[in-house]
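Going down the list, the protein sequences come from chains A and B. Residue 72 in the numbering used here sits at position 72 of the first sequence, with consecutive numbering throughout. Residue 52 in the numbering used here sits at position 52 of the second sequence, with consecutive numbering throughout.
Simulated from the structure, these hints should not be mistaken for lab results. Model, not experiment: these values are computed from the prediction. You may find that some hints are simply not true.
So the derived label-pair ranges between C-beta atoms look like this [as the list claims (entries may be wrong)]:
id, chain 1, residue 1, chain 2, residue 2, range
1, A, N28, B, P8, 34 to 42 Å
2, B, A17, A, R77, 43 to 51 Å
3, A, K14, B, T56, 46 to 54 Å
4, A, G53, B, P7, 40 to 48 Å
5, B, G29, A, G53, 28 to 36 Å
6, A, P61, B, E14, 24 to 32 Å
7, A, G3, B, E14, 28 to 36 Å
8, B, K52, A, T20, 41 to 49 Å
Selected chain A positions facing chain B (in silico; Cβ < 8 Å) [said to hold, decoys possible]:
id, residue
9, M41
10, F90
11, S109
Don't be surprised by glycine CBs; every beta carbon is placed ideally from N, CA and C.
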Amino acid sequence: NAGVTQTPKFQVLKTGQSMTLQCAQDMNHEYMSWYRQDPGMGLRLIHYSVGAGITDQGEVPNGYNVSRSTTEDFPLRLLSAAPSQTSVYFCASSYGGVKSGSVSYTFGSGTRLTVV
Amino acid sequence: DAKTTQPPSMDCAEGRAANLPCNHSTISGNEYVYWYRQIHSQGPQYIIHGLKNNETNEMASLIITEDRKSSTLILPHATLRDTAVYYCIVRPMYNNNDMRFGAGTRLTVKP
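Let the hints inform the model, and build the full structure from the sequences given.
Written as structure tokens, this is what we have:
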């Protein structure tokens, strides 16, 4: 099925551990992004990419790294997990560039991360 | 900062129309109004968007005031499955990375 696939769906980490959240899309979308959602709050942008090899920071980038080596994949790395990074993480994709004027995002189903 | 203001919560009777308001008084001429919803803890789902004119699709209608400073999302016949948080977002025409989600409106559809 076409869409955005996130893995894993659930993860528990110990403080200081590192891990990578995976995100893949099969719609040939240029634009991909990562959001985090804390309980009772809206989504906040962590990092985004407008195409392979190009990434930039969003509102809350500290503690996270990204890379975009292919159009399909946009992994999010937690270098040293902290309890403050306990959250639900969503990946999204859409067309970009001149096609971005009137397009919507497609979101993945999320990764629920707990850091203890 | 989110560019929109929405009521934190609303109730609607099943089968009735749900009218969700959104204020975006600082919207500029090259910004779209988008609506998404998030059911329980799933990923947000696109509903509809518009620039100036009213829009309708199979899910909802979007009414934008003439001065574009506010809009209303209309779910014509709300069902229990429409219970969700609804986000109104103002986004520049060619800037994908400026999609800012506020707290949204929690719509509860009651039997």
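Hints versus structure:
1. N28(A) / P8(B): 34 to 42 Å: holds (38 Å)
2. A17(B) / R77(A): 43 to 51 Å: For A17(B) and R77(A) the Cβ distance comes to about 46 Å; the hint holds.
3. K14(A) / T56(B): 46 to 54 Å: holds (50 Å)
4. G53(A) / P7(B): 40 to 48 Å: Check passed, 43 Å falls within 40 to 48 Å.
5. G29(B) / G53(A): 28 to 36 Å: This hint holds: roughly 33 Å between Cβ atoms.
6. P61(A) / E14(B): 24 to 32 Å: violated (42 Å)
7. G3(A) / E14(B): 28 to 36 Å: With Cβ atoms ~30 Å apart, the hint holds.
8. K52(B) / T20(A): 41 to 49 Å: Distance hint for K52(B), T20(A) holds at roughly 43 Å.
9. M41: Hint holds; M41(A) Cβ to chain B Cβ min 7 Å, cut 8 Å.
10. F90: For F90(A), the interface hint holds, since the closest Cβ of chain B sits about 5 Å away, which is under 8 Å.
11. S109: With Cβ-Cβ at 5 Å, under 8 Å, it holds.
Comparing the model with each numbered hint stated earlier shows that hint 6 is the single one that does not hold.
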